[in-house]
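Which chain is which? The protein sequence lines are A and B, in order. Residue 89 in the working numbering sits at position 89 of the first sequence, with consecutive numbering throughout. Residue 1101 in the working numbering sits at position 101 of the second sequence, with consecutive numbering throughout.
Worth flagging that the hints you see were computed from the coordinates, not collected in a lab. Remember, predicted model here, so these are calculated numbers, not experimental data. Treat each hint with caution, since some may be false.
[Stated by the list, open to error] Calculated lysine to aspartate or glutamate pairs in the EDC-like style (CA-CA distance at most 16 Å, straight line):
hint : chain 1 : residue 1 : chain 2 : residue 2
1    : B       : LYS1109   : B       : GLU1010
2    : A       : LYS83     : A       : ASP63
3    : B       : LYS1003   : B       : GLU1026
4    : B       : LYS1109   : B       : GLU1044
5    : A       : LYS42     : A       : ASP71
6    : B       : LYS1070   : B       : GLU1010
7    : B       : LYS1003   : A       : GLU44
8    : B       : LYS1038   : A       : GLU18
9    : A       : LYS42     : B       : GLU1044
10   : A       : LYS78     : A       : ASP63
11   : A       : LYS42     : B       : GLU1015
12   : A       : LYS83     : A       : GLU18
13   : B       : LYS1070   : B       : ASP1022
14   : B       : LYS1016   : B       : ASP1086
15   : B       : LYS1106   : A       : GLU44
[Said to hold, decoys possible] Pair by pair, the computed Cβ-Cβ distance ranges are:
hint : chain 1 : residue 1 : chain 2 : residue 2 : range
16   : B       : GLU1056   : A       : THR13     : 43 to 51 Å
17   : A       : GLU18     : B       : GLY1062   : 40 to 48 Å
18   : B       : ASN1052   : A       : PRO2      : 20 to 28 Å
19   : B       : GLU1056   : A       : VAL112    : 44 to 52 Å
20   : B       : GLU1056   : A       : ASP63     : 42 to 50 Å
21   : B       : ASN1052   : A       : GLN14     : 43 to 51 Å
22   : A       : SER81     : B       : LYS1016   : 49 to 57 Å
Ideal Cβ positions, reconstructed from N, Cα and C, are used throughout, including at glycine.
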Amino acid sequence: EPEVTQTPSHQVTQMGQEVILHCVPISNHLYFYWYRQILGQKVEFLVSFYNNEISEKSEIFDDQFSVERPDGSNFTLKIRSTKLEDSAMYFCASTRPNTEAFFGQGTRLTVV
Amino acid sequence: AQKVTQAQTEISVVEKEDVTLDCVYETRDTTYYLFWYKQPPSGELVFLIRRNSFDEQNEISGRYSWNFQKSTSSFNFTITASQVVDSAVYFCALLGGSQGNLIFGKGTKLSVKP
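Bound conformation, chain B alone (with noise of 0.2 Å):
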């Protein structure tokens, strides 16, 4: 079966703070896919990233990050010295091989104050 957790439901930050947002995601596929997408108060799902099952760097945009750790199947995201623009809902999602697909988590929903 494929799933995706994201067990923080709801984060509340100071603007500046760093914030984590956790995924861990099950599957049997050996190759697999894994994204972020933000979900702003308008609603849209916007693209942040796309990480392939082989590819375990870590990666880094302006002031966000992700360490994907197979080992404990986790896909984490990292927001630097947050802005309130940052403010939305975060999916973690996740495409198998064998599934053409996304299975979502639940979402984090974040909210940066200023």
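Only chain A is shown next, with the shape it has when bound in the complex (with noise of 0.2 Å):
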């Protein structure tokens, strides 16, 4: 069964830090997507993504964020200097148009 793969499960940085997550979404999926949930908290958007470009975005995807999809099959969000309140669990997500989002595992990030 296909799904949608993040590396890596766990990262651990420094505050100031710039950090990558990483992630492999359906290939057949058109939408992909960057959820974050503070331990304890709701799932919440981040960004979607489609054709290239950013689709959506929230209040919290603010300049230190930012989404590539730099070779086809990767989707990546990039976090410029991490503050100790991006401590969190992200998720990576892809659907097709009006079905259900596949979350991949999620990568927990801790910063330092």
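Take each chain as given, in its own frame, and dock them per the hints.
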């Protein structure tokens, strides 16, 4: 069964460092997403990506965040200068239009 | 505005009890989709069900059942004869026709004790 793959599963980084979270969406999906879940809280939308550009982003997705689909299979989330409050589980998801989103296993980011 | 409310923060039941998780949504879209996801202690998000706004038929899948009522904007989830493995956080989510992303509720943490 096809699945969304995220790497690494856990990333520890120092405050102020840049991190890149990696995702390989399901191959025939067209829409890609990043969501964030701070420990114990709800899942929050960050950004959606379609046709090689951002289609929507939330208030959380400020200038320190960026996304890329560099090679047609990977979908990355870059956080330029991490802050303590960026510590969270980051989920990548992909979907065809108006269907359920398939989520990756998540990357737990810990900023120290 | 799109919104999903899961008023129950935590529920604790004893194994074999039935339990219903509530979900109330708000949307101005006439076409929308509702979802339930399960998040076990391991952290991943597991898709359970999707309903579109034109299909109000209740659905049963094994011990799981869903009651979608447009009149009350609710999409409740019932687990019959709960088991310890059902212990997880359950999220209700909304995908409006005018918006491409899922709006999640805050989740309900279900603890099933043996």
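Results of checking the hints against the structure:
1. Restraint check: the Cα-Cα separation between LYS1109/B and GLU1010/B comes to about 5 Å, which is no more than 16 Å; the hinted pair holds.
2. For the given pair, LYS83/A sits about 13 Å from ASP63/A by alpha-carbon distance, which is consistent with the 16 Å threshold.
3. A hinted pair counts as satisfied when its Cα atoms are at most 16 Å apart, and LYS1003/B with GLU1026/B qualifies at roughly 5 Å.
4. Of the pairs offered as hints, the one joining LYS1109/B and GLU1044/B holds, with about 14 Å between alpha carbons and a cut-off of 16 Å not exceeded.
5. Proximity of LYS42/A to ASP71/A is assessed by CA-CA distance (about 31 Å); at most 16 Å being required, the pair is judged violated.
6. The suggested pairing of LYS1070/B with GLU1010/B is violated, with an alpha-carbon distance near 25 Å, which exceeds 16 Å.
7. Between LYS1003/B and GLU44/A, the direct Cα distance comes to roughly 12 Å. Compliance with the 16 Å bound is thereby established for this hinted pair.
8. At most 16 Å may separate the alpha-carbon atoms for a hinted pair to count; LYS1038/B and GLU18/A exceed this at roughly 31 Å.
9. A threshold of 16 Å between alpha carbons decides the hint, and for LYS42/A with GLU1044/B the separation of about 13 Å falls inside it, so the pair holds.
10. Using a Cα cut-off of 16 Å, the hinted pair LYS78/A and ASP63/A holds, with the two alpha carbons roughly 10 Å apart.
11. With a CA separation close to 26 Å, the supplied pair LYS42/A and GLU1015/B exceeds the 16 Å bound.
12. Note on LYS83/A and GLU18/A: the hinted pairing holds, with a Cα-Cα distance of about 10 Å set against a maximum of 16 Å.
13. Using a Cα cut-off of 16 Å, the hinted pair LYS1070/B and ASP1022/B holds, with the two alpha carbons roughly 14 Å apart.
14. For the proposed pair LYS1016/B and ASP1086/B, the alpha carbon gap of about 11 Å is at most 16 Å, so the pair holds.
15. Under the criterion of a C-alpha separation no larger than 16 Å, the hint pairing LYS1106/B with GLU44/A is consistent with the structure, at around 9 Å.
16. Under the hint 43 to 51 Å, the C-beta atoms of GLU1056/B and THR13/A, about 47 Å apart, fit the expected range.
17. A C-beta distance of roughly 45 Å is found between GLU18/A and GLY1062/B, which places it inside the suggested range of 40 to 48 Å.
18. In this structure the hint that ASN1052/B and PRO2/A lie 20 to 28 Å apart at CB holds, the actual value being about 22 Å.
19. GLU1056/B and VAL112/A have their C-beta atoms about 49 Å apart, which keeps the hinted 44 to 52 Å range intact.
20. Hint check: GLU1056/B to ASP63/A, Cβ distance near 43 Å, so the stated range 42 to 50 Å holds.
21. Remark: the range hint 43 to 51 Å for ASN1052/B to GLN14/A is upheld by a beta-carbon distance near 46 Å.
22. For SER81/A and LYS1016/B, the Cβ-Cβ distance of about 51 Å falls inside the hinted range of 49 to 57 Å, so the restraint holds.
The structure shown violates the earlier hints numbered 5, 6, 8 and 11.
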